[in-house]
Every structure is written in C-alpha cells, then in structure tokens.
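Chemist: Chain by chain, the residues run as shown.
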Amino acid sequence: SQTIHQWPATLVQPVGSPLSLECTVEGTSNPNLYWYRQAAGRGLQLLFYSVGIGQISSEVPQNLSASRPQDRQFILSSKKLLLSDSGFYLCAWSVSIQETQYFGPGTRLLVL
Amino acid sequence: QKEVEQNSGPLSVPEGAIASLNCTYSDRGSQSFFWYRQYSGKSPELIMFIYSNGDKEDGRFTAQLNKASQYVSLLIRDSQPSDSATYLCAVNRHNDMRFGAGTRLTVKP
Chain A
1 SQTIHQWPAT LVQPVGSPLS LECTVEGTSN PNLYWYRQAA GRGLQLLFYS
51 VGIGQISSEV PQNLSASRPQ DRQFILSSKK LLLSDSGFYL CAWSVSIQET
101 QYFGPGTRLL VL
Chain B
113 QKEVEQNSGP LSVPEGAIAS LNCTYSDRGS QSFFWYRQYS GKSPELIMFI
163 YSNGDKEDGR FTAQLNKASQ YVSLLIRDSQ PSDSATYLCA VNRHNDMRFG
213 AGTRLTVKP
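As you go down the protein sequences, you meet chains A and B in turn. The opening position of the first sequence corresponds to residue 1 in my numbering, with each subsequent residue numbered one higher. The opening position of the second sequence corresponds to residue 113 in my numbering, with each subsequent residue numbered one higher.
Check the hints yourself; a few may be wrong.
Pairs of lysine to any residue residues, derived as SDA-like cross-links and limited to a Cα-Cα distance of at most 25 Å, are as follows [claimed, not checked]:
(1) B:Lys114 <-> A:Ala39
(2) A:Lys79 <-> A:Leu19
(3) B:Lys154 <-> A:Asp85
(4) A:Lys79 <-> A:Thr10
(5) B:Lys179 <-> A:Ile97
(6) B:Lys154 <-> A:Gly87
(7) A:Lys79 <-> A:Pro105
(8) B:Lys168 <-> B:Ile130
Quick caveat, the hints were computed from the structure, so don't treat them as lab data.
The shape of chain A in the complex, shown without the other chains:
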C-alpha cells in the first residue's frame, strides 16, 4: 500500500531564515505530487504540483520554491521566510491529475 511521509511535523523559524520541508511517497511510481498551504481557519491553497522528476508548476508567485530531485521526493524551500508563510503545509500525491489526492500528515510552520 502507498504511504506518504512529511517532516518535520512542526517547525518554528525566525523571519528571514531558510526553509526546507520534505515529502516522500512509498509504494507507487511516478506519482503526481502537490504542495498545499492551509492558513488557520482557511481552505487549502495549492502552491506547487509536479507530474514528474524536475517538472514543477507553480500556482502562486511567492518566496517559496519546490523541487523534485527523485521520483517520490518533493521538497518545499524558501531562502527567507516571511511572517505570512506561517501555516499548515500539506503534501499530497495522486495517480493522475484527475484522480483522488491523498495527503501526508502535514508540517505546522510558525514564523516568528
């Protein structure tokens, strides 16, 4: 069966510091991968998605970037965090764009 991992689970970072969040998927090949952010009490905002290694599509221009160095690894990064980057970051995978997305446990980020 497929499993999706995210780490760290929680993170407290100062403004201006860098960020690296990692997501890995087990039990499937060539998944579609997604990064979402959920602000407190808000809906899910799609940040990036990837249909293959090195292929990244950005939904929202911002100070975040994503990379997919391996088939089942998706990384979310920032060079300098802003206060507004605080939120719950969720990684998800799907077999194809039109099919069900399955979410990882999430990373709660607090920028102070």
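Starting from the structure of chain A, add chain B where the hints point.
Modeler: Frame of chain A, contents of chain B only:
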C-alpha cells in the same frame, strides 16, 4: 464568485441525526468531486468521490451530485460524535483540484 463554496458553519446536529453538508462550484466543466474529512490539527482524509449525477452511498455516507445545478452534497446518517470535524469539498476541473474552505460539523451527544 469563489470556485468552490461551502457554508463555513458551524453545523450542529444531535447524535443519531442526519447531517447535510453542501457545496456549490462555478465551473460547469468540472468532472470529479470529492469529500474529505479533516479533524482539528490533522490532514484531510478522503471520505468518498463521485463522478456521475445522482447518489453514491458508502456506509453511513451518501454523496449527491447535480451537475445541472452545480451542486454536490454529503449526507451523514446516524451521526456520531466522532464525525465532528471539518468537511472539505473538492472539485477537479481542467486537470486541477480546487478545495472549498470547509464546513465545520459538530455532533452533540
């Protein structure tokens, strides 16, 4: 107009009652529809999906889709306190998924 709209709630129902959650969407070309449940502090988990007009039942859950009215709903029969959560509606259109902000459901014992 938001792409996917849900009443934020909170929706409160007594234990054993039917909870009805509603969702409307703006893009008539939308093809697949999903309901997720999200407990506080946790990630969303899939409850069910529906592609065709009509009803789809899975245990205590029934999804209803009306493409002409651009409306999808989720019914929870025999509601339990463990059903208390935020329910997210998601709509797949033109190869991308859009989520509603969610409806918070509270089931009171």
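Chemist: Evaluate each hint against the coordinates.
Modeler: Against the structure, the hints come out as follows:
Restraint check for lysine 114 of chain B and alanine 39 of chain A: the C-alpha separation of about 17 Å stays at or below 25 Å, so the hint holds. As the CA atoms of lysine 79 of chain A and leucine 19 of chain A are separated by approximately 7 Å, the hinted pair is consistent with the 25 Å bound. Proposed proximity of lysine 154 of chain B and aspartate 85 of chain A is supported: the alpha carbons are some 19 Å apart, at most 25 Å. Taking the CA atoms of lysine 79 of chain A and threonine 10 of chain A, the gap is near 18 Å; set against the 25 Å cutoff, the hint holds.
Restraint check for lysine 179 of chain B and isoleucine 97 of chain A: the C-alpha separation of about 20 Å stays at or below 25 Å, so the hint holds. Proposed proximity of lysine 154 of chain B and glycine 87 of chain A is supported: the alpha carbons are some 13 Å apart, at most 25 Å. Note on lysine 79 of chain A and proline 105 of chain A: the hinted pairing holds, with a Cα-Cα distance of about 24 Å set against a maximum of 25 Å. The suggested pairing of lysine 168 of chain B with isoleucine 130 of chain B holds, with an alpha-carbon distance near 16 Å, which does not exceed 25 Å.
Violated hints: none; the structure is consistent with every hint.
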